[in-house]
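Chain A is already provided as a structure; the job is to place chain B on it using the hints.
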Amino acid sequence: MTLMRYIELYFKLVSAGIRAQLQYRFAFVMRIVGMITSYTGTAVTMWVMLYQFQELGSWNFYEMLFLFAIAVLSWGFCIILFFHFRSLDTYILNGTFDRFLVRPINPFFHFMAMKFDVASFGQFIFSIFVFIWVSYELGIAWSLGKALFLIASVVGGVLIQGGLLVIISAFAFWTTKSEQFYWVVMYPARNLTNYPLVIYPKLVQWFTAFVVPFGFVNYFPAAVLLEKETPFFPDNIGYFSPVVGIVFFLVAYYIWMLGLSRYKSTGS
Amino acid sequence: MFNYRVYWTFAKKSFLRSAVYRFDVWSRLGSNIIFLLMWGSIWTALYAGKEEAGGVSFEAMLTYIVVSQFLTGVNGAGTPLWEIQEKVRTGDIALELMRPFDVPLRYLFADFGSVAFYIVTALLPLYTVLFIFMDVALPTDWLTWVYFIIASVIGFLIRYCIEMSFGLLTFFLVETGGIEDIFYFAMSLLSGSVIPLWFFPDWLATIAIYLPFQGIYYIPNSIFIGEIAGLEILTSIGIQLFWVVVTYLVLRLIWSRASKKVIVQGG
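Chains as they are written, first to last, in our numbering: chain A, 1 to 268; chain B, 1 to 267.
Think of the hints as simulated: they come from the structure by calculation, not from any bench. Glycine is no exception: its CB is placed at the ideal position from the N, C-alpha and C atoms. Just to be clear, a hint being listed does not mean it is correct.
Unchecked claim - Chain B residues, not near chain A, derived (Cβ > 10 Å throughout):
{"hint": "1", "residue": "19"}
{"hint": "2", "residue": "34"}
{"hint": "3", "residue": "79"}
{"hint": "4", "residue": "81"}
{"hint": "5", "residue": "91"}
{"hint": "6", "residue": "104"}
{"hint": "7", "residue": "134"}
{"hint": "8", "residue": "137"}
{"hint": "9", "residue": "185"}
{"hint": "10", "residue": "206"}
{"hint": "11", "residue": "242"}
What the hints assert, rightly or not - With the Cβ distance kept under 7 Å, some of the chain A side facing chain B (calculated, not the full set):
{"hint": "12", "residue": "37"}
{"hint": "13", "residue": "38"}
{"hint": "14", "residue": "41"}
{"hint": "15", "residue": "49"}
{"hint": "16", "residue": "51"}
{"hint": "17", "residue": "52"}
{"hint": "18", "residue": "56"}
{"hint": "19", "residue": "180"}
{"hint": "20", "residue": "199"}
{"hint": "21", "residue": "200"}
{"hint": "22", "residue": "203"}
For reference, chain B alone in the conformation it holds in the complex:
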């Protein structure tokens, strides 16, 4: 049973809660800008004045990084991995199990609220200014914008399912050291968030293509700058849809196992 209004309330509440912790929003935006500066400088230095590399123009590459950093902001505004782990470790999550809602969905909708607040108050103003003043290549075709937004939303859902699954692993492992570091590594490198897949060594690009992480940053970014175009857009979004289903099923499986485990332990 899916009670839409309950979850909508979670989204609204977390939107309002974000408004109270405004310092968090500013600090997150501050570090987002520093990382944008870092990756922008790195790619400027890598191109070293060349117009293009690997068939991609410098302007397109810079756009790729700016868009990627925007999506990093979006994906980082929800409940962080460590907070889920902490809730499992302290047992707080047991309280949520007793309540009449589905926990993974409840967190997803809460994330919608806080992400919406962060986008509206911080990311959109900043990145609008950046797009106006920086030498970046905006899509001229409105359909590309639509595809980009669809791909970003699906990417967000894939990221959510994977991050939540990793968080719930805490139920089965007493110590998760190393596990979350693998997650962060995959999230930053294999997703193409800082280096696009076409610059990878072939073998690594092949691995990355068969993993869900590319759906989070690489596909939306590449659609934005036109590296993925035409019919390829539809296959890419198809791949994303495939991964969102798979990661969602994995999350469901882990969640059903985890909630049983709580019952066995007596809460």
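Same shape as in the complex, but just chain A:
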């Protein structure tokens, strides 16, 4: 099948999903409200934290908000595209995963297009509001180059976080567990990266830069955009964010396909 055919199919599957979700309009709105409340809660915590101390590892409140908003924005896209990967274990255990294998399309693609979670409007509203506010407070001079770099690094961030979700889901092929790995590995890792990496022990910084490259989701790109230094790492390392994203996602895809080749149905 050609790429065009896949793209067309993706939109068809996705629009069916969106229409289904919009049937429950109240639930939809409440989820968005909930998301915004929870991100605002984290932002308020940051504000209270810096009320007396002013700075966290040479990052002030607005810079930290900016760092946080990049993570939230790319996470928003990640929810849309990949969030359901974490529950692959349920599909495998129930035997419903088999339906992704009997159709004449790539199973990875089919599983990915199965769900399109539109509730991440909360993430978009929150992060765009923060970008505007912080740009005003810090007087960031946006240029076309900077805007393009922000978009490119958000794409990188989506691929990195999506890649990790894909790897976590692939665990289900070997261990029949994936959702729990999400809560052990990814949820804490996402929380760690809400704060500038410079505050963590060197080993953790190194790990989040080169093993699970979460540093490229927000810390390194934010340092480039805010012209801040990244101790222990070359300045401007953030420009590699999109490349890191592509490489990491390809590795994740390869691991997923490897797991799939080992998959044996529960037969139920």
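Structure of chain B alone, referenced to chain A:
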């Protein structure tokens, strides 16, 4: 009528059940350690090499965070909020209504079992090692330990009543989006679990002092590091007792309304 043996059985069963789901225990411990690392690093960076800030030494602050993370582990080992919500949504809770026990108490005792298992097998070994190897200030006075344990237990009960009440709100609201996020926000910030109240802006500290959440983390943590000392310990525990009564009554009220609602809907 309170049949002690029934509830004791719930505690025992849930202790044994936790032993079966050992992977859960390890995964919970894993994320507890990561959050400890996170908040430890944040406070190290905030103090930025200073010996003290706001009249509190760095060593005491680090101890505050370690103790707080220990209590977070304790409070997080019971039935989570979403599980109660799920039971209400799916109607599973109706089955429990038909049985001859009190549902809020049954969950409390089940939590005692799973929390006990988690403390014994995971939290105590980890935090004993941490206390030995980290530069933290342990209370030298055995009475402080006693007060700390009492305050932690009351804090646990306050948290249970509030969390259960929030869970039961699902009976009255079809969609609870936003409600549980307010709960989690209050639990993490207003309780002083990650930032002690003395670093709050004055107006926010005043609000927090008049809310029950401070009884869950702030009071036990502060007793542990000696920020609350002397006679103040007794007033603090008095405040906690006041809140445990109030939150328990609220839970009772919500529960009696909720169980009537089930009957009206025909189960």
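Which numbered hints are broken by the structure, listed smallest first? Violated hints: 2, 9, 22; rest satisfied.
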